[in-house]
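Colleague: The lines below spell out each chain.
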Amino acid sequence: MSEQTNFIEKEDVVVKFCGDSGDGMQLAGTLFSDAAALLGLDLATFPDYPAEIRAPHNTIAGVSGFQVHVGRKKIETSGDFVDILVAMNPASLKSNLKWTRPGATIIVDADLFDEATCKKAGYLTNPLEDNSLEGYNLVKAPVTILTRNALQPLGIDNKTADRTRNVFTLGIIYHIFSWKLDSTVNYFKAKFKKKPEMIEANKLVLETGYSYADTVETLGSSYHIAKATMAPGRYRNITGNVATAWGFLAAAERSGRPLFLGSYPITPATEILIELVRHKSLGAKVFQAEDEIAGICSAIGASYTGSLALTTTSGPGLSLKSEAIGLAVMTELPLVIVNVQRGGPSTGLPTKSEQSDLMQALFGRNGEAPVVVIAASTPADCFKYAYESAKIALEHMTPVILLTDGSLGNGSQLFRIPKVADLPSITPPMAEPNDKDYKPYKRDPETLVRKWAIPGTEGLRHRIGGLEKENGSGNVSTDPANHQIMTDLREAKVQKVADFIPEQSIVGAKEGDVLVVSWGGTRGTTEAAVEELQKQGKKISLAHFHHIMPLPKNTHKVLAGFKKIIVCELNSGQFVNYLRMKEPDYRYTQYNKVMGLPFTVTELVNKFNEML
Amino acid sequence: MFEFPNKTIERSVVELNKADFVSDQMVKWCPGCGAHAILASIANVFPKIGYRKENFMMVSGIGCSSRFPYYVNTYGFHGIHGRANAIASGVKIANPNLSVWIATGDGDSMAIGGNHFIHIIRRNIDVNIVMFNNQIYGLTKGQFSPTTPMGSITKTSPQGTIEHPFNPGELVLGAQGTFFARAVDTNVKLMTEVMFEAARHDGTSVIEILQNCIIFADKTHEAVTDKELRDDAQIHIKNGEPLIFGKNRDKGIRLNGTQLEVVKLGENGITEDDLLVHDQYQQDPGLHLMIAKMYPPHFPVALGVIRSAMYPTYDDLVEDQIAQAKNKSKILCVDDLLNSGDTWEIK
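So the sequence lines, in the order shown, correspond to chains V and C.
Numbers 531 to 1142, taken from this note's numbering, label the letters of the first sequence in order.
Numbers 1178 to 1524, taken from this note's numbering, label the letters of the second sequence in order.
Just so you know, these hints were derived from the structure itself, not from any lab.
Be aware that one or more of the hints could be misleading.
Okay, the calculated bits of chain C under chain V, using three or more residues with CB under 8 Å as the criterion [claimed, not checked]:
| # | segment |
| --- | --- |
| 1 | 1248-1262 |
| 2 | 1270-1282 |
| 3 | 1353-1367 |
| 4 | 1486-1500 |
| 5 | 1506-1520 |
No residue lacks a Cβ here, since even glycine has one placed at the ideal position from N, Cα and C.
The shape of chain C in the complex, shown without the other chains (with noise of 0.2 Å):
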């Protein structure tokens, strides 16, 4: 069962559930959508990461994810297109005894405001990105993003488009995240796991949810999360377990030279220790980046948390700086300071 994050965030003296969690807005995604799924896990985990129901504190930008703060009862900020991330190391420098939870989009982290994600990323600030990937503009009604697949045909690229798309967890890795798990709209309680473990995190930690859009880009996750084609196009990782997939759980990846590959166990008198045993914490992020890089027809796609590295978060050093200039300093006050270097009296 779930572990008492370590934070020194306030905890809820009282049993939280649910309902302490649900807002009185009319929540008015369409219906089918995936972010329902979303809002549903986030609703399941609050109440057992236990923190007070006053410290939790939800950021958005602009698009369909980002109504998410008005339906959750935190307190919560609905912010500008691209912005979230920036705004949320506002609030958390400002006051590091909050849970900031980040709900963006593709468009909205990777596009508009691609900077502050992969800045946000760099610092390793404490918080927790969930983004919604459906691989589309929804809000603005059917344009491509930067993750939609190459050759798409949307409102904007009516003979395809001609762009390569960003793997989340690339950009993620390549920004030096310490954090990046996968996850699929139609598992609740995946993502309510890994949420779980992005509040242990200490620092940033992106979710990528593949999540559909029923109106303008459905399916397009379905070569993954389709019932029939699922069990041998997923792969559900864990920290210190071997990679094995499969309806039949006959399939594994294996470390080959510098490449992963798909194996049969059996065949070839391959057994399970030949497989790659996934370790979410060591700090090197290179295999972390060959599965997070995984994706079909060759290989499945890697879910659950793919990567844990401890850092040390920039809220806790900024703490940890302005601790030490108290200590050191002799100005502690603005009096202090007014009079200090060369002053003189006029009488």
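Isolated chain V, as found in the complex (with noise of 0.2 Å):
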């Protein structure tokens, strides 16, 4: 390994491993974001996946991306575009070069770039070849031939080493940070720990590929991000989904009520259900059931006799489970449902992410059936807010649906570790046994929550369901003054929530020219966003959303400070739609979009700079 000619101190730098679905780019993306958080860079990572598991060689359709946005300043987003793009094949190639920087590098496996694969990706001539990546750092590296060769004397067979070609790229990028390759060995020494052959190869093939970008011209020199400087503490990395499952099992363990998950696989939620059903060490009990009504009816049954419930689920699956949050709704009993947003409507886009199911968490059921709505904006917070759907269900009996999205479940970031003791405590209002007042629908006057009676309890058998209860007694009641109060109560103990949740915070002077507003994953953008415009000396401040119903009780003050007003979010007009009919007394502007893509904060900043 040859010393480094020049460094390039960097701020930030955007990695995406790109190829064929089946090419290992995901997991070449994660164990390049597992180094960079081992040498205490902030990172956000971003992966980009086709609906289908192997989509036909070769083409657009089949193109599987991983992006990696690291740096040693708070990392906010996974980065608009690429400086560093590893495309393995002619698709991956065209469908990402137009989100990569000028001047970026990009490193090509030159042996998968001929007539058939080039006309495959729509290509009339080899993009390696025809000077139309002039503009670029382009490496041409034969991956392949240099793999196999590597791996020949080992005895391996020409495909297995192709399943390699994702470590060689690898090898090449840590040559350009000048890292170490420990993190990724020591990986592949657990992965492999019963065929030591394979430690031995992917070891070999990383080490080739650094040492032919030490051959590499172009390569000659090297990027440096110094240390993160993050607030002290233990981290690691983790996904938005993975940090949704956690936040639940801490909340579990907080209020001592038994963690029940009912839940039926769907893109891109699933992965907080293989999460939990690996923590029955913990005492998680979770149902995968035959269908998303019976998920979401298993934990409302689960919710009745005590435990923690869940459903988790996305859009579609929200559209399967109202019937039965309605039922949750009239029963009063808690459960936290999550709906990992997708691109809708119908099936739509599975694998990208969209803001467009808020509206029917708000309102999609029949009859009046207010719930709490919150959402999560980061990887790493949805522990916290997975955490807060759980204390606010359990302490107030009432359903809560947590919002996240695809972005955020799939992404990931780094996580400063909390120590559960640490974290709010959570209170259940247990009924007491032989309490000889107890009435299922009795409440708490001041935040109208009735108190849950747990079968097995002495002296408190009781009946509720879905037929409208009279308000105490839980007798079925058609008086109609009955329905108006408890229709009336029902409400009003959702709103009274918004005593219980932090007050709605600023980013910025809490007066300005323009006050944007977003909401739920959008967050990593917007904030970067205005902080950009704030460093240029402009009056522009952000007020980003957790809490949605209820709304945060000082909303109404934080929106009256800024001449406009800009609402901002992947779908077409939602949470504007909402603050018109709750905050009537502003104007709003609105900026939306619905490609099943993130903002760019590019975008934002050209907009932002439109209404200063």
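Got two chains here, separate frames each, mind docking them using the hints?
Modeller: Right, dumping it as structure tokens:
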């Protein structure tokens, strides 16, 4: 390994690995981000994969990518434009070039750029030869041949060798950053414990890629990123879906209520189910149901019996659960419904991200059936908001819909590990055995919350269900006046939650020219765009909402301090219309995108500048 | 008399009686509805089962049958249409120390809730499903159901139904059911007996009750329950006993090759020894299926416990896996989990 001739000091770098699905790009990206994290860099990742497990080879439809944004500064998004692109085949080059910064380094497997593959990707001529990539730092690496050659002495056949091409490119990337190979080699050691020959093979390919990079003149300069300045503490890398699962496990432990998940597999929410089922040692009961409806109904049954009950899904699944959410509203039972949003309607864009289920979460049920709606905003804070959703559900005896999205769920970020004992306490309103005054719908006068009397408890036998109940006694009632009272109480009980959630915060001054409003998974981009303009001295602030139903109590005041308000969201204007309903005193401009893609910081900066 | 159920559910330390399970709610079924007799049977059997009264839990869906939880003084949950079996699955998995009873109907469990019905049976979750089969949608006032006999005139089949009805027993056994019993609403003693057997069984117990809807499908089970006909149209099967029926107990069921047939005792030299002897515990469901399928006019309807086979229950396996995981795993609290795998300190 020769000396690096010159270092380029960077604040942040965006790397994207892309290739045919099955080329191991997700793994390469994950290993790279793990290595970065261990070196003390901040990071955010975003996987971008097709809905098909193996779409036709070498087609645009089959391109799978994994983007990693690393830096010493606070990393808020997975990055708009790519600085280093690994493109294994023509299709992945073609579909990612528009997101690649001019002058970026592009590493291709030159062995996979032939007439047939170029044609399949829709290239008329070979882009490696027609000078169309002149504006980039192109590295035409013979990845396939060098990988096969390296592994031949070990007696490894070409087919097996080809599966380690991703590791070769990883070696090149590590050379660019002058990183040690340890963390990745350790991964191979753990992964292939039972196949030592694969540890050796992967290590050899990684080193071969690293050495190869040494010989490439165009890679003479190396990137250097200093350690990020992060709050002291213990850190790990975590995806939003895993963080969601862990938040619930923490809430179960802290509340003393056993965790029950009833769920049906659906992209991109399945990883929460997969993660929770791994933790039976923590007492988690996970039921893979026969359908979405059984998922939520089993959770409602578990909730009646005293569990922290959960169901996880994505858009179409939320539609199927609507009737049962109404049942949980009527029976005033704690339940958290996680919707990892994806592109809709119908099957829509299963692997792409959108924020288009907000109205469904707020209102998508028969009758007036208010629920608490909370949205997480980064992969790591899925932990916090899952925990908070569980706390509110348990303490307020109400269903809570937690909205995340595909980008958050699959994206990853560094996570500062909390101590469970430091998390807020959770105190569900358990009914006392043999309480002579117990009535199913007798309420706490302050919070309007009824008591939770779980089967098995002496002296509290009672019946509840989906029919309207008399307030207090809980007897079935068709009395018109009682229905009015109960309808009002259900709404008021949810609104009372506002007394228990934090006030809405503002990034920047409380007054100014423009207030950017966003919610949920767009925080990384809206915050980065606003901060960029603030640095330029613009009077712009951000109010990013996590609490949607109810809205924080100071919402009216927050909106009052600005000449203009622009609401940005990845739908056609659902939150903005909700604000028009709830806070009608203001004029709202809206900025929307429904392409299954996140916002870019650049487009937001341009849009905000138009308003300033 | 009754044996003690062999379960881990906590038993009552005091002797219970019917009054312990009477609810304070007015029973609003039509006068003459078969559901009243089912309610009486439940009130009979719960004290006999002898669990602590707080450990009983009733779950239901929607329909006339599903008002049941309001009429029994236990913990109870009246769900939504078709979902009783899914709700009850969550109840039993979350708290296996409850004796879970599901009141459901032919529409609730075999039409809108058909999916949950077959899957709870397939999993063998330890619950007791009492299915009121009145062959009609009663609460919506008289539309045909999945068990309405083909050709029946109903509000939604003015020219007669053109679809084949389910035989619930076939469906249960097809879904790998471990317990299936059948009773008629005119026989409280029999209902009480099979309910007790259901409680004793570890796994999903399905009891089909041929129930009369006096308003919308009156006498729908007449061919089976009519006083004049019933001795020849019903066969009360008992484990270990030959299949004999008839007013004079002179008829029986014999296995002839691969088919069941009705034979007359004393004719052609046929004796009791030639008859099929019922074995409700045998694992192979083949004969159980043949018995469950018997129906007039060629056969009597089999009443009693048709199948009660031993298989592990889902809820037991859940507990086993949790115990194993707790035994093996190094992650025993959430702090362990948060700090597992690759983590690093920033100072």
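Colleague: Run every hint past the structure and note whether it holds.
Modeller: Status of each hint after checking the structure:
Taking a C-beta to C-beta cut-off of 8 Å, the segment 1248-1262 of chain C contributes 9 residues in contact with chain V, enough for the three needed, and the coverage statement holds. Remark: the segment 1270-1282 of chain C is confirmed as covered by chain V, as 5 of its residues place a Cβ nearer than 8 Å to a Cβ of that chain, reaching the required three. Interface restraint, the segment 1353-1367 of chain C with chain V: violated (0 residues with C-beta to C-beta distance below 8 Å; minimum three). Here's how the segment 1486-1500 of chain C fares: 3 of its residues keep a CB closer than 8 Å to some CB of chain V, so the rule of at least three is met and the hint holds.
A stretch counts as covered by a chain when three or more of its residues have a beta carbon under 8 Å from one of that chain; for the segment 1506-1520 of chain C and chain V the count is 12, and the coverage holds.
Comparing the model with each earlier hint shows a violation of hint 3 alone; every other hint is respected.
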